[in-house]
Amino acid sequence: MPAFYERRQLVTPGDLLAEDDYVDGENTYKEDSKIYATRIGLVDFENRKIHVVALKAFYIPCVGDMVIGKVVEVGIGGWIVNIKAPYVAVLRASDVLDRPFKPQKNDLPSIFDVGDLIIAKIVAYDRTRDPLLSVQEPGLGKITRGQIIEITPTKIPRVIGRKGSMISMLKHETGCQISIGQNGLILVNGRTIEDERLAVMAIHKIEQEAHTSGLTDRVTEMIRKEKGGVGHASKDA
Amino acid sequence: MLQKMPKKLIDENGIRVDGRRLDELRPVKIEVGVLENADGSAYIEQGKGKILAAVYGPKEVHPKHLALPDRALLRCRYHMAPFSVEQRKSPAPSRREMELSKVVREALEPSIFVEYYPRTSIDLFIEVLQADGGTRCAGIIVASLALADAGIPMRDLVTACAAGKVEGRLVLDLTDIEDKGGEADVPLALLPNLNAVTLLQMDGMLTIDEFEHVVNLAFDGCKRLYQLQKEALKAKYVVAKEVVEE
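Listed in order, the protein sequences are those of chains Z and B. First residue of the first sequence? That's 154 in this note's numbering, and the numbers climb one at a time after it. First residue of the second sequence? That's 30 in this note's numbering, and the numbers climb one at a time after it.
Accuracy of the hints is not assured; some may be wrong.
[Said to hold, decoys possible] List time: in silico DSBU-like cross-link candidates among lysine-lysine, alpha-carbon distance up to 30 angstroms: (1) B:88 / Z:358; (2) B:33 / B:58; (3) Z:295 / B:252; (4) Z:223 / B:88; (5) B:209 / B:118; (6) B:36 / Z:183; (7) B:265 / Z:187; (8) B:37 / B:118; (9) B:58 / B:131; (10) B:118 / Z:187; (11) Z:274 / Z:237; (12) B:131 / Z:237; (13) B:265 / Z:183; (14) Z:223 / B:93; (15) Z:183 / B:131; (16) Z:237 / B:93; (17) Z:358 / Z:295; (18) Z:183 / B:263; (19) Z:255 / Z:223; (20) B:118 / B:79; (21) Z:187 / B:252; (22) Z:255 / B:93; (23) B:36 / Z:358; (24) B:88 / Z:237; (25) Z:202 / B:263; (26) B:263 / Z:358; (27) Z:202 / B:118; (28) Z:274 / B:37; (29) Z:295 / B:79; (30) B:37 / Z:237; (31) B:36 / B:118; (32) Z:183 / B:252; (33) B:265 / Z:237; (34) B:93 / Z:274.
[As the list claims (entries may be wrong)] Here chain B is said to cover these stretches of chain Z; the calculated rule only asks that three of the stretch's residues, wherever they fall, bring their Cβ under 8 angstroms from a Cβ of chain B: (35) 158-171; (36) 323-336.
To be clear, the hints were calculated from the coordinates, so they are not data collected in a lab. Even for Gly, the Cβ is constructed at its ideal location relative to N, Cα and C.
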């Protein structure tokens, strides 16, 4: 029943993490009742379950996820969207039009053209078929303004924070609208470029220091300091 | 301009032309994450050898008909730069490079969970910038690190090392001239934690006893290289961590 690593220790693929009655969690695998790591990351325990918080991974689609993607192809009944996953996603024309799609009437490139960025939700996905997107909800659709930041998808939970604490703090402090795509792309929409710059800087700080504790407080502090330095109205000044 | 072959490759004290003992590895320097544009990358300097590896994927397969319905397609290109050897090598893939691409792919495939990502491809590029013997082994080492750096789930890192026979003595980690002037060369690739061999080749002649000894020698070499591999992989992330914690 021994475990060979402590919490938050760095492991590489193939490291033996635990033996016997442990359960293999994320980024681990079990063979002959031994649990090994499959990715480089930090060890974490949850009772008997052992898992590795990956330091680098790519996005795997999941039903219900909000993602940000780029239209790469306009087909005859829909669009092909690159969502930075191993699979390209499909957005059907009938989903956007909300009525039967008629090729002779509707001009697809006028809705979304190649190169457009969209926010969408994954409505169907299994490994045998490419993920299917939908934009049938408020807040989804074409992105017309703002800045896009790309971070490692594994660090998205940290940007959101526990029960959304980090993201609500970010929105509140910077005054920006922030939409998070689970695939590692984040859209920042602010009133001024300065606000957006602040939010971008904060998100980069979160990405770099994702594994440290007390991060929310430090990011708050940084934003307030920066705001003061730029000459914005600050509560502390 | 031909390479000069020294009269003796091993002197009476058992010291080799480059000053190493019989069971000594060449000095190794490994770096992970050296390329910005690839999903994962690694670089190794082993003696005079310099090799770069880059990984893309998993991503959708092009051309589409090559996609496998039940697992990811691993594609590997081992390539030697025209300036990597003494006499300019044609950059077109040679017979030898095609063979090495195949054996390297087969050495790495068992380490990857290819069944997790059906209908995708993982593309691997191994570029030999300077060759000095043992490039297939060094290629496997960097390729495996590049795969780990790309965040592709793996059973274990793959490590590889060659051993052989030179002037009647069994030696570890042959250089180019030792390989050419020697009697036998045995490259071996290993998943160390699972104790599984994924590549074992032999070029030359050995008795059964010698073969067993050489394989054990290569095993030891692999174990030592594995530690260096792990350190190099961790180094990339530890540096980032320390900067943050001051």
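Would the pair residue 183 (chain Z) and residue 252 (chain B) pass a check requiring their Cα atoms to be no farther apart than 30 angstroms? holds, 22 angstroms
Please work out if residue 131 (chain B) and residue 237 (chain Z) have their alpha carbons no farther apart than 30 angstroms. Judged against 30 angstroms, a Cα distance of about 29 angstroms means the pair holds.
Are residue 118 (chain B) and residue 187 (chain Z) close enough, with their CA atoms no more than 30 angstroms apart? violated, 47 angstroms
What's the verdict on residue 37 (chain B) and residue 118 (chain B), does the C-alpha distance respect the 30 angstroms limit or exceed it? Answer holds: residue 37 (chain B) to residue 118 (chain B) is near 28 angstroms, not above 30 angstroms.
Taking 30 angstroms as the top limit, are the C-alpha atoms of residue 295 (chain Z) and residue 252 (chain B) close enough? violated, 53 angstroms
Does residue 131 (chain B) lie within 30 angstroms of residue 183 (chain Z) when you go C-alpha to C-alpha? At roughly 29 angstroms apart (the allowed maximum being 30 angstroms), residue 131 (chain B) and residue 183 (chain Z) satisfy the hint.
Pair hint residue 237 (chain Z) and residue 93 (chain B), alpha-carbon separation not exceeding 30 angstroms: holds, 18 angstroms
Measure nothing beyond the straight line between the CA atoms of residue 183 (chain Z) and residue 263 (chain B); if it is 30 angstroms or shorter, mark the hint as holding. holds, 23 angstroms
Are residue 274 (chain Z) and residue 237 (chain Z) close enough, with their CA atoms no more than 30 angstroms apart? holds, 14 angstroms
When you check the alpha-carbon spacing of residue 93 (chain B) and residue 274 (chain Z), does it fall within 30 angstroms? Since the Cα atoms of residue 93 (chain B) and residue 274 (chain Z) sit roughly 26 angstroms apart, the hinted pair holds (cutoff 30 angstroms).
Quick one, are residue 274 (chain Z) and residue 37 (chain B) close enough, alpha carbons at most 30 angstroms? Violated. Residue 274 (chain Z) to residue 37 (chain B) sits at ~70 angstroms, over the 30 angstroms cutoff.
Quick check: do three or more residues in the region 158-171 of chain Z have a beta carbon closer than 8 angstroms to a beta carbon of chain B? holds (count 6)
When each numbered hint is compared with the structure, violations occur for hints 3, 6, 10, 23, 27, 28, 29, 30, 36.
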